[in-house]
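Protein chains in written order, with the working numbering: chain A, 27 to 462; chain B, 27 to 462; chain C, 27 to 462.
A portion of the hints provided could be inaccurate.
Stated by the list, open to error - Listed below are the simulated BS3-like cross-link pairs for lysine-lysine, each with C-alpha atoms no more than 27 Å apart in a straight line: (1) B/K384 <-> A/K261; (2) C/K445 <-> B/K80; (3) A/K448 <-> C/K80; (4) C/K261 <-> A/K384; (5) B/K445 <-> A/K80.
Said to hold, decoys possible - Away from chain C, derived, C-beta distances all over 12 Å, residues of chain B: (6) R58; (7) Y96; (8) I105; (9) K180; (10) L304; (11) A408; (12) D420.
Treat the hints as calculated values from the structure; they're not laboratory data.
By construction, the Cβ of each residue, glycine as well, lies at the ideal position given by its N, Cα and C atoms.
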Amino acid sequence: MEADHASLGEQMYRDMERLYPLCRSLTGAGVRDTFAILREIAPIQLQEIPSGTKAFDWVVPPEWTVRDAYIADDSGECIVDFKKHNLHLVGYSEPFEGTLSLAELQPHLHSLPEQPDVIPYVTSYYARRWGFCLPDRQRQQLTEQTYRVKVDTKLGPGSMTIGDLVIPGTSQEEILISTYICHPSMANNELSGPVLAATLAHELISRPHHYYTYRFVWVPETIGAIVYLSRHLDKLKAHVKAGYVITCVGDPGPFSYLQTRLGGTLVDKITAHVLQHLAGDYRSYSWLDRGSDERHYCWPGVDLPVGSLMRTKYGEYPEYHTSADDLSFVTPEALAGSYQMYLRCFEALEANRCYRCKTLGEPQLGRYGLYPTLSTRESGLAARQLVDLLAYSDGHHDLLAIADKLGKPIWELQSSVQKLMKAGLLEEVRRGSHRS
Amino acid sequence: MEADHASLGEQMYRDMERLYPLCRSLTGAGVRDTFAILREIAPIQLQEIPSGTKAFDWVVPPEWTVRDAYIADDSGECIVDFKKHNLHLVGYSEPFEGTLSLAELQPHLHSLPEQPDVIPYVTSYYARRWGFCLPDRQRQQLTEQTYRVKVDTKLGPGSMTIGDLVIPGTSQEEILISTYICHPSMANNELSGPVLAATLAHELISRPHHYYTYRFVWVPETIGAIVYLSRHLDKLKAHVKAGYVITCVGDPGPFSYLQTRLGGTLVDKITAHVLQHLAGDYRSYSWLDRGSDERHYCWPGVDLPVGSLMRTKYGEYPEYHTSADDLSFVTPEALAGSYQMYLRCFEALEANRCYRCKTLGEPQLGRYGLYPTLSTRESGLAARQLVDLLAYSDGHHDLLAIADKLGKPIWELQSSVQKLMKAGLLEEVRRGSHRS
Amino acid sequence: MEADHASLGEQMYRDMERLYPLCRSLTGAGVRDTFAILREIAPIQLQEIPSGTKAFDWVVPPEWTVRDAYIADDSGECIVDFKKHNLHLVGYSEPFEGTLSLAELQPHLHSLPEQPDVIPYVTSYYARRWGFCLPDRQRQQLTEQTYRVKVDTKLGPGSMTIGDLVIPGTSQEEILISTYICHPSMANNELSGPVLAATLAHELISRPHHYYTYRFVWVPETIGAIVYLSRHLDKLKAHVKAGYVITCVGDPGPFSYLQTRLGGTLVDKITAHVLQHLAGDYRSYSWLDRGSDERHYCWPGVDLPVGSLMRTKYGEYPEYHTSADDLSFVTPEALAGSYQMYLRCFEALEANRCYRCKTLGEPQLGRYGLYPTLSTRESGLAARQLVDLLAYSDGHHDLLAIADKLGKPIWELQSSVQKLMKAGLLEEVRRGSHRS
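Chain A with its partners taken away, still in its complex shape:
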């Protein structure tokens, strides 16, 4: 791994350490504090969407504020305390204060008997209730007594904060990168996503010449994506040529790719190509295994070509959606590797142009200094890649298709393309004309 990538991994990890304690949710101060830190990395544009705003089949919920929340036993000791871990409180819990017997308390408690030492992550965004999450081992030890419960929250008019950042390229054609910022203290899912996205945006801003316009989106999962789609649908449908939901990119597991709804789009092909060459044992998932905002981006009628490049997929590791998905579960090296893999995908997308050979019949490459002038039994092999590249540059096969045909990574063809362009033997066919 390159040195600057390694140090980027450390930097991302430090950013995650700062973000980790914040209590994010669909709305509220935790999201805004998160954006404040992310905006130190990249100049994200924020927008406040008022509670009650309608978007497709959804309505933006009230804003949720937590001041305090705990369960105290009859000795007055706080045995479950939001201040100790924000996962203890069910997301969007309504206010409550009272004393309850254990039997009365139980329906408000959530735990995972199969993982007795972790706090599960539970929310109730669209139905009013309150509840606490705790390790099942602790729950089993609760005795018959009177418990005092306080849920000092507020659910009222406010707004949902969403952010985006559009980095213009030479073309209006867009790559969409979406990630979510609504999960409280968990590291891989989700903090790794928004931090990696901001870091990638930072890098792309510094790169002067790129073809694609890159649109980064940070939104609360589902309602945020729905709102964003509802406000930009026509533009997104017109311009987005490929996209990714970034999530679960901080653990050291092997890479995974979740395909678009029908598969076979540019992002599916490019990502498979990159992973085949750089991450031999990656896992490929169908859209049937989806779980994040690709649900909406790929929805029929929306139909954006958005996949998801992850390391270990959500739902596939036991720490998922529990307090065990903490900072010890992610590593700087894994973050750096994910950063590198995403950049490779972007570079492959950028490289994937469509060319046409300008001669009829094989050109006389010797005239251009591209072929040995002495013809021996092996002389043809030296220039074979150049000639193959020319021979399949028929205006129909894009560079990705040619690379796949030749069994080489697309980036290894780049210098050949440059040589042939410089020699005047290859011309670029209008971008996009080779994509349907």
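Based on the hints, put chains B and C in the right spot on chain A.
Chains B and C only, in chain A's frame:
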């Protein structure tokens, strides 16, 4: 098996017992008597086609009547007697009376050396000759003596009887079910076919709401199908969306499906789907293995999408086209199972509509009571089938395609469809618009 | 193998013996002498293309004449002598005369350390230099002394000789057969190609009725094909339906086929069909493995459907492009077998018409004497091929597709086609209408 299906199996078997002794052929009293019994099950419409009628490349043959036919030895004993088994007489034998030596008799005898105890089934519809069929063991024991032969038949102007029954649905689109009624005393091939077809017709008449119009056809094999096609070709080509030749459905062997000429049509896909889910070890045959009226229905220029769902395919069991294909070869249980499998195919065809989700982005299913309001690690799984169904209801994938994608039988998606229609989340796309 | 094929093999071998000693190159007397002999086999039309003529990206080089060329040691003995083997001189060597030390001589010497006993084949058509080729074992024994070198050659205005022969068929649609005549004394690559092409042309001239027009082309590799293409491109693109580069057809190895650029064309399908039925263990190569004039014929923008049917492919045998590719490497039997295989391909192309059955529904084959009039359990099998042929003759499947469907070689269907045409049951669909 459901109780009423079991009793239907018994009923079909009893119907076959009554039909078995009749001497059916392309024409004649045996066919008419057969129709009389079948019409007790379903109100088949009959039509008499005069001898000499031309149809495509064929001509309806004269009507054939058998009064008596036997071979007597020189002691006067009837050693081969049509009255004992109608397979003894070659179908469409011309009249003859005379005495012959064994050597003169031999060219008129037909037997199966490899199955020495059965009478083979032989016909000569379009070339005039006479002949007798007998077990090879008996033939080998014939001694040199004078044999008296009497074939008291009549071949003269008359008509061929064909029958059909059209059960209207809400649409003009048709399912064609064809079976044949020209074989003398054999049970699986063919009595099982016409009896099952009549029983299915009886059932469909009693079902009030079905989309498809069901057209049942009972005809002598080949010439009957040719005549029927020649009279209804334009209408059939316009309306038939799927079809079956029903034959060999009474034996207890595993199911078989013979595909349409080019394969890949609706009936091929639906039947494979049903068999995959209900009859794991079924056999699939190419149209190259054809042998019944799918020969004509799928003929180029006719091109009706007609397959054949059978149990053991004709030609694949040794009893085929011999006296051993008798009532002991078929069982009420097998008939009931075939009945059930055909109904499943019809139900799958009926269910195979094409829908479109009415929301952009995933709908908020909780609002419709279709999704848990508490979001835990498993909550998404509960409604996964509903959401997948919506997500692939894009107006292009029909329900069959979605069921295959989800790896579920189409009938298991029906209640989900109902829920989503009721919630107003799904709309039906015009039937047929998704079929080519 | 048939007797006349065997004797043709002997004849071809004798022709090769006469041609072998000639010093062919891109231009010059050796090529003209070669044509003189080939014209004894078939009436090839010759054309002289002046040096300096431009064609696509290429220019016809000056004409090259060799009068003498040798290296003599200080005792005056010729140790490397063009007169002993024309491979000793690098093709297109410029004139030179002088004395050199061993160190000065070495850069002008070419040998193969891994095959120390053979003379390699080396050329320098488009960059001026001189050089000698010799066995590496001899080269290693050269001692420090003064060597006298004489390269008495001439490079000056002249012309390049190319030849073609068009054998008209009833149609303007063409089969293109191209081979090259620029290699000095080597047998398999290349003498086997031009001799087999001439012999095939001789045979086709004697066949009166063929559908396709056969265009045979004998040209120096690359520059000759480029010139030929540049002069006939529009006509070739309009008419050529299939084509072959003939090379490496004299060794006794198994057959090989090198596919067209994108594969899947008529010539790819026909050749695979022929080889599957006649040469079980043939090898199939992608166009990525190309090496001869299919490089230009299949070039994008040219896009002629030209493959190459060989025995052991160039580059795949150690004798390739060395003095070991001599007359002992090829055999009359192998030449005869290649002749036979090419004729089979032509016959398959000729046979591959598209038919349509003239009846609706299966015809009554008994009426035409094509079906047994007695219907027994096996009677259908006898005529099965006839009926299958009719049933897939739908105006869309050509005979090749039907043969592949039935798993039979196309030539085994020919007599059935004749019977059905004679009976008036089949009609030919306009040629070409079934090809894209």
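Status of each hint after checking the structure:
Taking the CA atoms of B/K384 and A/K261, the gap is near 21 Å; set against the 27 Å cutoff, the hint holds. Note on C/K445 and B/K80: the hinted pairing holds, with a Cα-Cα distance of about 24 Å set against a maximum of 27 Å. Distance hint between A/K448 and C/K80 is fulfilled; the C-alpha atoms sit about 22 Å from each other, no more than 27 Å. Of the supplied pair hints, the one linking C/K261 and A/K384 holds, its CA atoms being roughly 21 Å apart against a limit of 27 Å.
For a cut-off of 27 Å, the pair hint linking B/K445 to A/K80 stands: about 24 Å separates their Cα positions. Every CB of chain C lies more than 12 Å from the CB of B/R58, the least distance being 22 Å, so the non-interface label holds. For B/Y96, the condition that its CB be more than 12 Å from all CB atoms of chain C holds, with the nearest at approximately 21 Å. Consistency note on B/I105: stated as away from chain C, and its beta-carbon is indeed over 12 Å from all of that chain's, at 22 Å minimum.
Consistency note on B/K180: stated as away from chain C, and its beta-carbon is indeed over 12 Å from all of that chain's, at 20 Å minimum. Under the 12 Å C-beta cut-off, the non-interface status given to B/L304 relative to chain C holds; the minimum distance is some 30 Å. Here B/A408 stays apart from chain C, with its beta-carbon at least about 47 Å from theirs, past the 12 Å limit. For B/D420, the condition that its CB be more than 12 Å from all CB atoms of chain C holds, with the nearest at approximately 30 Å.
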